[in-house]
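There are 2 protein chains.
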Amino acid sequence: MTESIPQALIVLAHPEPRSFNAQLAATATDALEAIGYEVVCSDLYGQGFDPVEAPRHYTSRSDENWFRPQTEQRYASDTQTLPPDVESEIKRLRSADLVIFQYPLWWYGPPAMLKGWFDRVFVYGELYRSKIRYDTGVFRGKRALLSVTAGAPAATYELNGRNGDMDIVLWPVHFTLHYVGFSVLPPFVTFSVQGGISYTEESEMLAELEKSKAQFRDYLTRITDAKSVEPIRFNGWDDWDTEGRLRPGAEGHSPFVRKAAAR
Amino acid sequence: MTESIPQALIVLAHPEPRSFNAQLAATATDALEAIGYEVVCSDLYGQGFDPVEAPRHYTSRSDENWFRPQTEQRYASDTQTLPPDVESEIKRLRSADLVIFQYPLWWYGPPAMLKGWFDRVFVYGELYRSKIRYDTGVFRGKRALLSVTAGAPAATYELNGRNGDMDIVLWPVHFTLHYVGFSVLPPFVTFSVQGGISYTEESEMLAELEKSKAQFRDYLTRITDAKSVEPIRFNGWDDWDTEGRLRPGAEGHSPFVRKAAAR
Numbered sequence: 000m001t002e003s004i005p006q007a008l009i010v011l012a013h014p015e016p017r018s019f020n021a022q023l024a025a026t027a028t029d030a031l032e033a034i035g036y037e038v039v040c041s042d043l044y045g046q047g048f049d050p051v052e053a054p055r056h057y058t059s060r061s062d063e064n065w066f067r068p069q070t071e072q073r074y075a076s077d078t079q080t081l082p083p084d085v086e087s088e089i090k091r092l093r094s095a096d097l098v099i100f101q102y103p104l105w106w107y108g109p110p111a112m113l114k115g116w117f118d119r120v121f122v123y124g125e126l127y128r129s130k131i132r133y134d135t136g137v138f139r140g141k142r143a144l145l146s147v148t149a150g151a152p153a154a155t156y157e158l159n160g161r162n163g164d165m166d167i168v169l170w171p172v173h174f175t176l177h178y179v180g181f182s183v184l185p186p187f188v189t190f191s192v193q194g195g196i197s198y199t200e201e202s203e204m205l206a207e208l209e210k211s212k213a214q215f216r217d218y219l220t221r222i223t224d225a226k227s228v229e230p231i232r233f234n235g236w237d238d239w240d241t242e243g244r245l246r247p248g249a250e251g252h253s254p255f256v257r258k259a260a261a262r
Numbered sequence: 000m001t002e003s004i005p006q007a008l009i010v011l012a013h014p015e016p017r018s019f020n021a022q023l024a025a026t027a028t029d030a031l032e033a034i035g036y037e038v039v040c041s042d043l044y045g046q047g048f049d050p051v052e053a054p055r056h057y058t059s060r061s062d063e064n065w066f067r068p069q070t071e072q073r074y075a076s077d078t079q080t081l082p083p084d085v086e087s088e089i090k091r092l093r094s095a096d097l098v099i100f101q102y103p104l105w106w107y108g109p110p111a112m113l114k115g116w117f118d119r120v121f122v123y124g125e126l127y128r129s130k131i132r133y134d135t136g137v138f139r140g141k142r143a144l145l146s147v148t149a150g151a152p153a154a155t156y157e158l159n160g161r162n163g164d165m166d167i168v169l170w171p172v173h174f175t176l177h178y179v180g181f182s183v184l185p186p187f188v189t190f191s192v193q194g195g196i197s198y199t200e201e202s203e204m205l206a207e208l209e210k211s212k213a214q215f216r217d218y219l220t221r222i223t224d225a226k227s228v229e230p231i232r233f234n235g236w237d238d239w240d241t242e243g244r245l246r247p248g249a250e251g252h253s254p255f256v257r258k259a260a261a262r
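The listed protein sequences correspond, in order, to chains A and B. Numbering that gives the first Met the number 0 numbers the first residue of the first sequence as 0 and each following residue consecutively. Numbering that gives the first Met the number 0 numbers the first residue of the second sequence as 0 and each following residue consecutively.
Heads up, a few of these hints could be off.
A pair holds if it fits inside one copy or across any two, identical chains being indistinguishable in the list.
[As the list claims (entries may be wrong)] In silico lysine to any residue, SDA-like type, Cα no more than 25 Å apart, as pairs:
1. Lys-212 x Ser-76
2. Lys-212 x Lys-258
3. Lys-258 x Asp-166
4. Lys-90 x Gly-251
5. Lys-226 x Ser-202
6. Lys-210 x Thr-70
7. Lys-210 x Ile-4
8. Lys-226 x Ile-34
9. Lys-226 x Glu-203
10. Lys-212 x Trp-65
11. Lys-130 x Gln-193
12. Lys-210 x Gly-136
13. Lys-210 x Ala-261
14. Lys-210 x Asp-77
15. Lys-258 x Pro-247
16. Lys-212 x Gln-193
17. Lys-226 x Gly-140
18. Lys-210 x Tyr-127
19. Lys-90 x Ala-25
20. Lys-258 x Gly-235
21. Lys-258 x Arg-244
22. Lys-90 x Ser-227
23. Lys-210 x Gln-69
24. Lys-210 x Ala-33
25. Lys-258 x Gly-124
26. Lys-212 x Arg-139
27. Lys-258 x Gly-180
Everything labelled a hint here was simulated from the structure, so no lab data went into it.
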C-alpha cells in the first residue's frame, strides 16, 4: 500500500486580499503544509466566482420554460453538463481530505459569495440524493471545519448573549456540511475582528492578528491527532423516524436540542 | 392630520419569474392592495441586483489600499456616495411601513441573492450605528415579515426534527431585521415546496400553490389588526449588561433561550 499525500482545500471568502481572513487562510496553508498536506485554495473573490444560482449557468436544460434549480442541477449532473466553475470546485472537493472555510460572519451568516458557493456547488444529484445524505453522504470520511471571524466580542455569542449562541449561529453551515457527509471539526472562531473600526491603533489589530494566527496554527497542528480534535456529533438516519423527527429515546445532537436538554 | 396611504415593499429572491415564490409575491401584492396599501416590489433577480459586497461598488474610498467593508460603507454614507443600487433599495425601505421578504430556503438560509442584499443594503453608518440598533434602530415602528418556502415537510422543521427548528433556522434573518429596528411579524412558511421534484403530478403542485396563496392572503388581511398578529419578541438594550449578556432576571426571547427554558 502506497501512502498518499493528504490534500486540503481552503475556501476563502473575503473581498480584501490582505484581510484578517486572507491572512488566516495563508496561515492555514503554512500550518497544513508543515504537517504534510498539499493545499489548494479557492479564493472566491480572487477567482471572481459567481455566487448567484441562475438559468444563465445551464447550457442545456431539462425544462426551458420553468427554471427549477434542483431539477436543473440534477439534469446537469445526469447529462454531465455542470457549469465549468462548479465542476472545478467539485473536483477540488472530491480530491480533498480536509476542507477549511475561511470567512467573516456578516449578518449572522456567510457572505453572499460563500452562501452562493453552497447554493451552486452542492449540486443535487451530484453531491446528494434522497438516500445519499448525512451519514451516508458522498463526502463521508472527509473532514471540514469553519474558521470564522466575528465583529462582536465572545460574550455576545454565548447562549444568553445578544448575538445568540455561536454554535447555533454556525449550525446552518455545519449542518449543510454534515448533509453531504463531512465530519465537521469544531470551528475556529476569532471574535472582535472589525476590520479596523474598533482598534484605536493599527498595532493593536496587528497584535490580535498575530495571536489568532498562532492559535490557528496550533489548532491545525492538533487535527492530525483524531483523539485531540473530535468531530461535532450529528444525528443520522438511524436516529430519525419516517417523518424526520428524532425517535423516542434517541439523543439529540443539534446544538439547540443539546443546549435545551442541558438546562 | 392627513391620512397617508400605507406603503409596502416586497423583496423577492427567486430566479424563476413563474415560481411558487414569485406567485406568492404576486398574491401578497394583491392582498395588500386590497387592504389599501401601495406596493413596490424589489424583484432582485429581475433587477439583476449584484449581491457581492466588493470594492467595485465604491467610487470614492476611505482607504484605497485596504478594503474594509464596514469602514467603506460608513464612509460612503458620510460622504453621500452610496452605490446607486443600494441607495435605491434604502429609499424603498425608508418609504415602507411593511416589508415582506419572499424567498426559498436554500441550505438553511436565504439564497445568495438575498443574503448579499442584506450584506450590501444594510449599510453601517446609514442604517445602524453603535447606539442606533435593536429597539433604537432606524426602522422602529415599521414591520417586516418573512415568507419562506422549504423543500422538506413541516415535521422535519420541529425542534426535534431533522432540519432543526424553523424559528431557529430563520433567526439569523429575523435578528438582522430586529437589529435595524423592525418589528418582525411571525413568518409565513410553506413546507414541501420542491419546485416539482416531489410532485407526481403537476396538478398536485398547482393545488398546493392555490392553498398557500389563500392562506397567505388570509394572513396578510389579518396583519392590519395588531391584536390578531403580534410581532415576535426580541430582547433590547435594557435586557443586556455591558458585556452583551442577558441581565440576571431578564427574560430571554431568542428562540433557543426560550425553547431551552420551556423544556
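Evaluated hints:
When the C-alpha separation of Lys-212 and Ser-76 is checked against a cutoff of 25 Å, the pair qualifies neither within a copy, at 39 Å, nor between copies, at 33 Å. In this assembly of identical chains, Lys-212 and Lys-258 lie within 25 Å of each other by CA distance neither inside one copy nor across copies; the values are 30 Å within and 37 Å between. Taking the closest pair of Cα atoms, Lys-258 and Asp-166 come within 25 Å of each other both inside a single copy (10 Å) and across two copies (16 Å). Taking the closest pair of Cα atoms, Lys-90 and Gly-251 never come within 25 Å of each other, the shortest separation being 33 Å inside a single copy and 45 Å across copies.
In this homomeric assembly, Lys-226 and Ser-202 never come within 25 Å of each other (Cα to Cα): the closest approach is 37 Å inside a single copy and 54 Å across copies. Taking CA atoms no more than 25 Å apart as the test, Lys-210 paired with Thr-70 passes between copies only; the shortest distance there is 23 Å, against 46 Å inside one copy. Taking the closest pair of Cα atoms, Lys-210 and Ile-4 never come within 25 Å of each other, the shortest separation being 29 Å inside a single copy and 55 Å across copies. Taking CA atoms no more than 25 Å apart as the test, Lys-226 paired with Ile-34 passes inside one copy only; the shortest distance there is 17 Å, against 62 Å between copies.
For the identical chains of this complex, Lys-226 and Glu-203 are neighbours neither inside a copy (35 Å) nor across copies (51 Å), given an alpha-carbon limit of 25 Å. Taking the closest pair of Cα atoms, Lys-212 and Trp-65 come within 25 Å of each other only across two copies (19 Å); inside a single copy the shortest separation is 48 Å, beyond that limit. Proximity of Lys-130 and Gln-193 under a CA criterion of 25 Å is satisfied inter-copy only: 17 Å between copies versus 42 Å inside one chain copy. Taking CA atoms no more than 25 Å apart as the test, Lys-210 paired with Gly-136 passes in neither setting, with 36 Å inside one copy and 34 Å between copies.
Taking the closest pair of Cα atoms, Lys-210 and Ala-261 never come within 25 Å of each other, the shortest separation being 32 Å inside a single copy and 40 Å across copies. For the homomeric pair Lys-210 and Asp-77, neither the shortest alpha-carbon distance inside one copy (47 Å) nor that between copies (33 Å) is at most 25 Å. Within a single copy, Lys-258 and Pro-247 get their C-alpha atoms as close as 18 Å, and across copies as close as 19 Å, so both meet the 25 Å cut-off. With identical chains, the CA atoms of Lys-212 and Gln-193 are at most 25 Å apart within one copy only, with a shortest distance of 16 Å there and 43 Å across copies.
In this assembly of identical chains, the alpha carbons of Lys-226 and Gly-140 lie at most 25 Å apart only when taken from the same copy (16 Å versus 52 Å across copies). Taking the shortest Cα distances, Lys-210 and Tyr-127 never come within 25 Å of each other, neither inside one copy (39 Å) nor across copies (30 Å). Taking the shortest Cα distances, Lys-90 and Ala-25 sit within 25 Å of each other inside one copy (22 Å), while across copies they are farther apart (40 Å). Taking the shortest Cα distances, Lys-258 and Gly-235 sit within 25 Å of each other both inside one copy (19 Å) and across copies (23 Å).
In the homo-oligomer, the alpha carbons of Lys-258 and Arg-244 lie at most 25 Å apart both inside one protomer (18 Å) and across protomers (17 Å), since each shortest distance falls under that limit. In this assembly of identical chains, Lys-90 and Ser-227 lie within 25 Å of each other by CA distance neither inside one copy nor across copies; the values are 30 Å within and 52 Å between. Proximity of Lys-210 and Gln-69 under a CA criterion of 25 Å is satisfied inter-copy only: 23 Å between copies versus 43 Å inside one chain copy. For the homomeric pair Lys-210 and Ala-33, the shortest alpha-carbon distance inside one copy (19 Å) is at most 25 Å, but the shortest distance between copies (59 Å) is not.
Neither within a single protomer nor between protomers do Lys-258 and Gly-124 lie at most 25 Å apart by alpha-carbon distance, with minima of 34 Å and 35 Å respectively. Within a single copy, Lys-212 and Arg-139 get their C-alpha atoms no closer than 29 Å, and across copies no closer than 40 Å, so neither meets the 25 Å cut-off. Taking CA atoms no more than 25 Å apart as the test, Lys-258 paired with Gly-180 passes inside one copy only; the shortest distance there is 24 Å, against 28 Å between copies.
In the structure shown, a violation is registered for the earlier hints numbered 1, 2, 4, 5, 7, 9, 12, 13, 14, 18, 22, 25, 26, in ascending order.
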